[in-house]
Amino acid sequence: MRRRTLGITAVSAAALGAAAACGSDDGDNGAEETPEFSGELVIWADETRTPVLKEFVKDFESTVGVKVTVEEHVETLREDFVTAAQQGQGPDIVVGAHDWSGQFAADGVITPIALSADQSGALNETAVKAFTVDGNLYGVPYAVENLGLIRNTDLAPDAPATFEELVTAGQAAGTDEVLTMEVGVDGNAYSAYPLFASMGGYLFKDDGAGNLDPNDVGVDSPGGIAAFEKFAELGAAGVLKTTIDATNTIPFFVDGKTAFMISGPWALTDVQGAGLNYEVTAIPGFEGQGPASPFLGVQGFYISSAAQNAVFAQEFVTNYVLTEDLQLKLAEAGGRLPALTAAAEAFSADNADVQGFAAAGENAVPMPNIPAMNAVWEPFGRAEADAIDGVSTGEAAATTAAQSIRDAVAG
Amino acid sequence: MLDQRAQGSTTAAGLIAKIAVLAVVAALAVWAAVPLIAAGAWWGLALEAAVAAVLFYVYLQRRAVQLKYLVPGTLLLIAFQILPVVLTVGTSFSNYGDGHRVDKEQATESIIAAGVQQTPGGATYLLAVGESASGELTLLLTDTADGSTWAGTEAGLAELDGATVDPTGRVTAAPGYTVWTLADLNERQAELADLAVPTGDTTGIKVQGLSAFEGESTRSYDEACDCITDSATGTVWYADDETGTFVTEDGQAALVGWRVNIGFGNYLDVLTDPDIRGPFLGVFTWNVAFAAGSVLFTFAIGLGTAMALNRPGMRGTKVYRAFMILPYAMPSFAMLLVWAQMFNRDFGLVNELFGLNVNWYGGTWPARAMVLIANTWLGWPYMFLISLGALQALPSDSLEAAKIDGATGVTAFRKITLPLLLIALTPLLISSFAFNFNNFNAIELLSGGHPFEAGDAVGGTDLLITYAFRQAFGSSSADYGFASAISVFIFLIVATISAVMFRFTRNQEDVYS
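Same order as they appear, the protein sequences are chains A and B.
Each residue of the first sequence is one higher than the last, beginning at 1 in UniProt numbering.
Each residue of the second sequence is one higher than the last, beginning at 1 in UniProt numbering.
Isolated chain B, as found in the complex (with noise of 0.2 angstroms):
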């Protein structure tokens, strides 16, 4: 029998399978390694083809059992969940951000190309491109003011004669000269882009798509001493690579920034900003009471239904069933945002079907018995189904035993089915723990931090990752390296969390197995 199981792979149906996965990772890495290639990425390209030959030799060989099944978990695993914890870190230790998001090369680039200015009452041209005999590449113009054309080389600006001009004025064709079709002109861009017309100390022509104007460079990047000067009105930007900004000696930062390394700056940030570390504790203890709240009522509340249903002799179980996994079956995000209605003081459901006139945006603890009847709302069904699940699967035996032994139901649930199931459960009660903890949307579209205190940056309903958010992106531009940082931190917290519980779940595992 076990011989047959371990030739199954050999038949037919399992090798054809098997070669049919295998030439997708085939074709999956021939389609990723292009545009590696292209981008002239080697070491990308040489990751990527041994992931390929790691796969096909797991699949190809008979031995190594385990590793085929090892293998796809952990290659998706360094994908989704190291990778992104690693990128998270090493841009935690960046400036990056809006401003800073480009190298130095670029921002230099974007710097100088916003000092280009057109000449005041300089002339435009219409724009043709020819090849001269000997294979220079030349402008060829048509002045849009007096029509007169003109060949623009790397030497300067010289009269042409004797071209033959389209209807709009376009150079055509020109003695001595071949003219691009505009199907060369799009091949060879780059070609136009290297040239430099000069028509006098500090102007020339720059081209604009098929126009051109005459017009000036003011800006400069001198590599001696790292500076930007723009000549027209003074102003010298120096680099600074600390902070990846180009800088003028009073202190007044050019546009465009780069992306440097800053060390532990954000972390330093995090820790000394007194907008953060003085509501820290505060934000720290509402958030773990939200997660635990949201755990218990969401479990109380499906374990009680759950149980409900498991009676024997219940009826209609599959439509009530059907009923309460729809809480959990619509998208959370317009859930959320419907709940966020039934809470408007004025319109809401809630008020109006309650004769109530409760401001549930309006007072730190309203706002926190909002957010957690939506989530409870929205988290029980999932509850439900689990509890349900470990209770159908429950061994009777106990159940019985305890009866005969004269347990009464409260008895039998309190000391032998909670416990039992919780064996079962709590890695999940954990797991749901870590979600709510981080739970972004419920708090974001639901009540989004309210109430706030006039200036405070805090809100009552805010949660650790709702703050961060806020902070990071809310009301400045975006600051990656800062979320990062802030997102190390919330790792960290929710790790510890984790773990203590996970150490003492496995305690728990002992007194009862």
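Extracted from the complex, chain A is given alone in its bound form (with noise of 0.2 angstroms):
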């Protein structure tokens, strides 16, 4: 405890007196006017949050009193606070996506956050899950995303029950493609995960109490290799191609050459540009088959172990970020569904969009957070590549994958 302390103490002093610096220098205009802090409250955010984030600060810092700084971090976000707080400086806040959050919280540079029973239970539960490692939660969510089936209805008036009724409507809607799914040449983990899902596979195993035991690798389970054998029989169907990356997949939606895409929210803005009739739907899990169950990616707010400001950061994480109106003001800001239950509610009342994605995210399950996931991607989408190229059969491709994830785990 006392080493704890002395750390603890070390880091504050030093931010005091940078703060003490700082402060003789407005002391006397300060006192005037509206209560004005030495020490402010540093929050970095990717360039799409900043501007909301600046906007909401505003009445937490009328209220408060502390000066809320926003800076805006583009694509080296993640990388950025790393570096910064493990030097002890840095933000006191960082906003970012919950699979972050086992990396952060194995390089000691985020702290865990307690949430009283309420505040939890009026949060999704998975985007709570999402955001716990070992047991502590490290950061509190505001707003969830996944995958959903978005249909062009004028090219396929209804929603497919099943996926083998997707490959129909889409091979009758005469176009191009019967779906666009994001491949590519490298495979994609991301996008295959609803289907292998559906199929029974799993990544690692959970215990349950939603803990995943990176030992046990469920890539070549019977379920997983079902789902690569159906990789390679829709790959064969030309259903999936590897030549369907990040860079078609939405254009070609667009353009009219398919029926159906597997795509997310951030895919919606040029599906309504192009003034398309659309509707987004669950994704089909295959008949007789479970659910095909999409990551759900969670956004939150995250302590640095090296923040400054603790106590001001603590309570803006533990109360304001946990208000309706920021969470509704964030979702209009990004399109995604609020992680609290009753912003949710409120912002997908007259949204069919949301409600569509929040129908397809009803059996979503966090992306595993856990390091070890790092060595899923690659080996998995590698697979899945092969898979559907007919380089591999479908069993090959899956033990192949599902070893290399293994060797990569055990280091």
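Any given hint could turn out to be false.
Covered stretches of chain A, as calculated for chain B (at least 3 residues, CB under 8 angstroms) [claimed, not checked]: (1) 106-119; (2) 228-237; (3) 311-319.
Taking lysine to aspartate or glutamate pairs in the DMTMM-like style, the calculated list, with each CA pair at most 20 angstroms apart, reads [as the list claims (entries may be wrong)]: (4) 67(A) <-> 184(B); (5) 67(A) <-> 187(B); (6) 67(A) <-> 79(A); (7) 257(A) <-> 240(B); (8) 329(A) <-> 353(A); (9) 257(A) <-> 184(B); (10) 58(A) <-> 71(A); (11) 54(A) <-> 279(A); (12) 257(A) <-> 324(A); (13) 67(A) <-> 40(A).
Just so you know, these hints were derived from the structure itself, not from any lab.
Just so you know, even glycine gets a beta-carbon here, dropped at the ideal spot from N, CA and C.
Make one complex out of these two single chains by using the hints.
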């Protein structure tokens, strides 16, 4: 306990010194106006969230009185934060995706957050689970996103109930492609996961409480092998193609070259811009198989372990982030479903797209945040691509991928 | 004449320029000194002062003119070339990477902090902070369940009577206490972090923002055994200073580790890892072929176009030149991504235009041809520019002499033009080779190392650098120590090749000059 205190004192003393040095400059005029604090709260966020946050923090500034600075970090937010925080610098709060939490926690750059039962009860349960590492909550979620099926209603009027129906309807539409789903030469584990899960495949064994066992890899479980055999089958039938990648998935749909697209909320801007009639529904599972559950991606707020203004950072994250108002505003800016259940209901009330993605995300599982997940993407993707291209059989692809993942996890 | 030149620096304009530059140096030195002082980095400060002093000395005295030219270059060389190499070599001896980024103390703190749990059914409080008359720091707490108020000190919790609360229930005044304003709290939160308020043997009040809850810290560090004990689960993690991790007896590592020196561990990994050793020769051969091929093709096409444009009587050269520079002027990042699209098997321009059905990413040789084609397109304008410049600088008398002696165009080119050009251009060709040897962008953005045989870690077009990058960062978490070790190997390889080539060039210069 003593060590811990010493460390914090050292950091805070430095902060205090810096704060005192800055404070002496404008101490005179600060007293007359609204209380102006010497220490400020610094938040780092990416380019889409920065403007909204800037708007919102004004409210926090006026109630609590502490100045809040939101700094925009394009592209390299995650790396920037780790680098800064490990040297005791950087922001008090960082806004990012939940799958960063495993790395951040292992690097010791974020601190656990305690939410009351009421607070966590008001949040999407899966979203809270997504930020939990080793039994501790490390981030406060505010938005969730997942893949869904976007359908051109002019080309295919009815939502398919099974993936087989989807293929039939896609072929009947007479378009160039049956479906656009991001695969690419490297494969794409994120977009392949719903179909993989439908056949009963799993990545890491879940102990039931949301803890994943990195040593139990399920890519070559019977369900996993069956899924890769499906990939091979769909590849041979020309439904899935490695030549469909991030660059043409959305354009082909927008150009009417396909009736179906598996994509996320980010695709809607282009689809709406083209004036298409469309509907968002759940990704159908294979006939007689389980639901096609996509990965849930969650965005949230982390508190840096190097926070120089820890008290106000905690106050901001545990109380202000959980207000319906902020979550709604952030949702409107990003088009993602809020993590706060009340805000999510308000946001999706008259929004068919959001409802569609929410329905698609009903069976979603949080994208694993354990560091071992880093070992999955590449082998899984390549195996998917190999199966689709017919370079290897589904079974061979699944076993090879599983072996690579096990080797990488074992280090 | 010479005297006037020497005195040139004492003219008014020269003096002003000198003062301005030195003023900027001084300003930069002060600007950099402030954070160094704040961080107590005295060695850094001394170094910075020394650099500034050297700069001032060199430019404020009249002798040692050579130094005035050498010092800025030398300083920049140290800062941007030598220092990174030294740091990379230093990192290569450590386990620095994800999970091992912080020092031991911070790692211990993080592990202990992760053991703090809210007591089941424990109270939660709204927080205010105050000082008693004797100056003792006190938490003034309002129980959110029943609104009762409490005073928490190092001695524990005591009921607080007569406190005034605001509408939310937070304490705003209490007899015998000076309540901090939010501004006070902001200024003095460090003192707050030091205050521990116990409520039981293992439980205490944990402050979180402007709230507090009763929590239990189940983990503690014991210096005697250099271990962390979790009283709730009975787990004991012992510090392993060799690997920089806390591990239990049965080998389970705690979440956070720290950075330690692991000697030649990373180098041994590189040498013994069958995933690296096995394909090394193949990757190396292709790497040399890719770099040599890129240089050869770009130089051949660049020189050819330069000679065409250098012909007397050629018209519209300016227009041609402008067009030829275009690939060079456009950002290669964007161009590489466009090329990657053009090689798409089903929808790409290349296959459609030529009526081919080549799976460019699927086969080793198509993929290699693809990266060479795209890289040649990106690189030849550079060769065109330098060849054109060198051609125009060639002495025309030797060519005329050759013509008089009856040399035909091809012979003159082979025996006179090319050798003369190569004297000027070989160093550039070598640097181009070294650049392409490590041309990470061209491979990563174009082919991504494809094609991969099932389960193989190395792709058909992988260079050492893309391969190393993937080994270090791709499939698992970032491992900077290991990546640095590989970088050092690549550095040694490229340095050796370059040294051999420069030796060869010097011999060549002896022949032709």
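Are the Cα positions of residue 58(A) and residue 71(A) separated by 20 angstroms at most?
holds (14 angstroms)
Given the hint that residue 257(A) pairs with residue 240(B), test it: the Cα-Cα distance must not exceed 20 angstroms.
Violated: residue 257(A) and residue 240(B) sit about 59 angstroms apart, past 20 angstroms.
Going straight from one Cα to the other, do residue 257(A) and residue 184(B) come out at no more than 20 angstroms?
violated (64 angstroms)
In terms of beta carbon proximity below 8 angstroms, does the region 228-237 of chain A have 3 or more residues touching chain B?
violated (count 0)
Outcome, coverage of the region 311-319 of chain A by chain B - at least 3 residues whose beta-carbon is closer than 8 angstroms to one in that chain
Our answer is that it holds, as 9 residues pass the Cβ test (under 8 angstroms) against chain B, meeting three.
Taking only the CA atoms, is the gap from residue 67(A) to residue 184(B) under or equal to 20 angstroms?
Between residue 67(A) and residue 184(B) the Cα gap is close to 14 angstroms, so the pair holds against 20 angstroms.
Check the hint pairing residue 67(A) with residue 40(A) against an upper bound of 20 angstroms on the C-alpha distance.
With Cα atoms ~5 angstroms apart, residue 67(A) and residue 40(A) stay inside 20 angstroms; holds.
Given the hint that residue 257(A) pairs with residue 324(A), test it: the Cα-Cα distance must not exceed 20 angstroms.
With Cα atoms ~40 angstroms apart, residue 257(A) and residue 324(A) exceed 20 angstroms; violated.
Are the Cα positions of residue 67(A) and residue 79(A) separated by 20 angstroms at most?
Distance ~25 angstroms between residue 67(A) and residue 79(A) Cα, so the pair is violated.
Is the hinted pair residue 54(A) and residue 279(A) satisfied, with a Cα-Cα distance of at most 20 angstroms?
violated (33 angstroms)
Outcome, coverage of the region 106-119 of chain A by chain B - at least 3 residues whose beta-carbon is closer than 8 angstroms to one in that chain:
holds (count 9)
Decide if the proposed pair is consistent with the structure: residue 67(A) and residue 187(B), CA atoms, cutoff 20 angstroms inclusive.
holds (13 angstroms)
Hint compliance for this structure: hints 2, 6, 7, 9, 11 and 12 are broken, all remaining hints hold.
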